[in-house]
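Trainee: Fit chain B to the supplied structure of chain A, relying on the hints for placement.
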Amino acid sequence: TQLLEQSPQFLSIQEGENLTVYCNSSSVFSSLQWYRQEPGEGPVLLVTVVTGGEVKKLKRLTFQFGDARKDSSLHITAAQPGDTGLYLCAPVPVNDYKLSFGAGTTVTVRA
Amino acid sequence: GAGVSQSPRYKVAKRGQDVALRCDPISGHVSLFWYQQALGQGPEFLTYFQNEAQLDKSGLPSDRFFAERPEGSVSTLKIQRTQQEDSAVYLCASSLGLAKNIQYFGAGTRLSVL
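Each protein sequence line maps, in turn, to chains A and B. For reference, each letter of the first sequence is one residue, going -1 to 109 in my numbering. For reference, each letter of the second sequence is one residue, going 12 to 125 in my numbering.
For reference, chain A alone in the conformation it holds in the complex (with noise of 0.2 Å):
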């Protein structure tokens, strides 16, 4: 099993303010997915990383792969109250079904 680390755990900031959250691995990841869980409901994908040192883009959003494919980011622009939720990373099963996701991000955007 590999094992996540991410951090910080818990993150409050202003709405207007920018934020970046972690994941990372001791192991290589074949690629990697964020996920956005907001109270209440359950986590939707936001995006997959597969190559080292990748860079995706989803509105104010970046997501960006370590170049050795250990760790990777997510960066929000300008953070909004709903981009408030539980970020949470999980690698892509290789030989395997079950995702096995990080303890997650709680990030709160105060208006």
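Note that these hints are calculated values from the structure, not bench results. Each statement offered as a hint is correct.
With a Cα cut of at most 27 Å, we get these calculated BS3-like pairs of lysine-lysine:
| id | chain 1 | residue 1 | chain 2 | residue 2 |
| --- | --- | --- | --- | --- |
| 1 | B | K68 | A | K96 |
| 2 | B | K22 | A | K96 |
| 3 | B | K89 | B | K25 |
| 4 | A | K55 | A | K68 |
| 5 | A | K96 | B | K89 |
| 6 | A | K54 | A | K96 |
| 7 | B | K25 | B | K68 |
Mentor: Relative to the frame of chain A, chain B by itself:
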């Protein structure tokens, strides 16, 4: 339906009671997963179905947990003799075709055992 539907959304049980949690996957989705999410944690895998066959139940924490999907559509997760440590959100996810396809999650059932 448009998405994965779970019921009930909230369940309060007295310790020792049996509970049944229902999952209606997206129509036509072959694969169905159950996950358990403790407070402040990411979801953890419980079990996996492909159609009506339960191919993996390695994540079920004890023999008090039982899941079924008799007709390859709706699934039920049953917990017998509930204990306080069973309190969690139980999430169901489904995916089209092969298990490695994108998983779509329901909103979950929040179980509180008193």
